[in-house]
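Visitor: Given next are the chains, with one letter for each unit.
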Amino acid sequence: AQSVTQPDIHITVSEGASLELRCNYSYGATPYLFWYVQSPGQGLQLLLKYFSGDTLVQGIKGFEAEFKRSQSSFNLRKPSVHWSDAAEYFCAVGASGGATNKLIFGTGTLLAVQP
Amino acid sequence: DSGVTQTPKHLITATGQRVTLRCSPRSGDLSVYWYQQSLDQGLQFLIQYYNGEERAKGNILERFSAQQFPDLHSELNLSSLELGDSALYFCASSVGTGFREQYFGPGTRLTVT
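For the protein sequence lines, the chains are A and B, in the order given. Take 3 as the starting number for the first sequence in the numbering used here and just add one per residue. Take 20 as the starting number for the second sequence in the numbering used here and just add one per residue.
Please note that a few of the clues may not be correct.
Claimed, not checked - Examples of chain A residues toward chain B, derived with CB under 8 Å:
hint : residue
1    : Leu46
2    : Lys51
3    : Asn103
4    : Lys104
5    : Phe107
Keep in mind that the hints were calculated from the coordinates and are not lab data. Yeah, the Cβ is synthetic: ideal placement off N, Cα and C, and Gly gets one too.
Throw the hints in and build the complete structure from the sequences for me.
Guide: See the structure below:
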């Protein structure tokens, strides 16, 4: 069965420091991979996606992610974190099978940014 | 702003009641998805509609139902509500039937007292 694991429930980084959020997936075929961000009281905003091609994908707000098939990973990175990046981050895999194209989400990583 | 709208933003109701959540997809999107976000279950897929027809069901209770209307807006009906149904309910939309990114609405926060 398809699944997504985000091993870090909570991460705190200092403003200006680099960030890496981990995501591992389990999926039989080539996955469609996504990172979403949820600010408090807000909906989910798409940061970036990987469908095929270049394994390093660029997203909005200065984020990037790298797809590593050998490690079944899709880690999210940002070179310099801003206080406004404090939010919850969700990794998701697109499970395309049968009639549906649903998203399977990880449990999320809550990012706190220290001044 | 994703272009997906959901109403109401907040809903407080009592156990045993029935509520209807509404979603309007982005212009041009034919697929609508409903997800539930709760503390104990996380983000879970409930149901998908494409151009008015049900495409797939996920972890949706029998007390819940949905439909998509000819103008493509969708409604999620929750009945015989229980305390455990308190959650954030998100609607998302995407283009077509092939896999594309899904854009999420702001959600409806349901509180059952």
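Visitor: The structure should be examined with respect to each hint, and the outcome stated for every one.
Guide: Here is how each hint holds up against the structure:
no. : hint   : verdict
1   : Leu46  : 4 Å, holds
2   : Lys51  : 5 Å, holds
3   : Asn103 : 5 Å, holds
4   : Lys104 : 4 Å, holds
5   : Phe107 : 4 Å, holds
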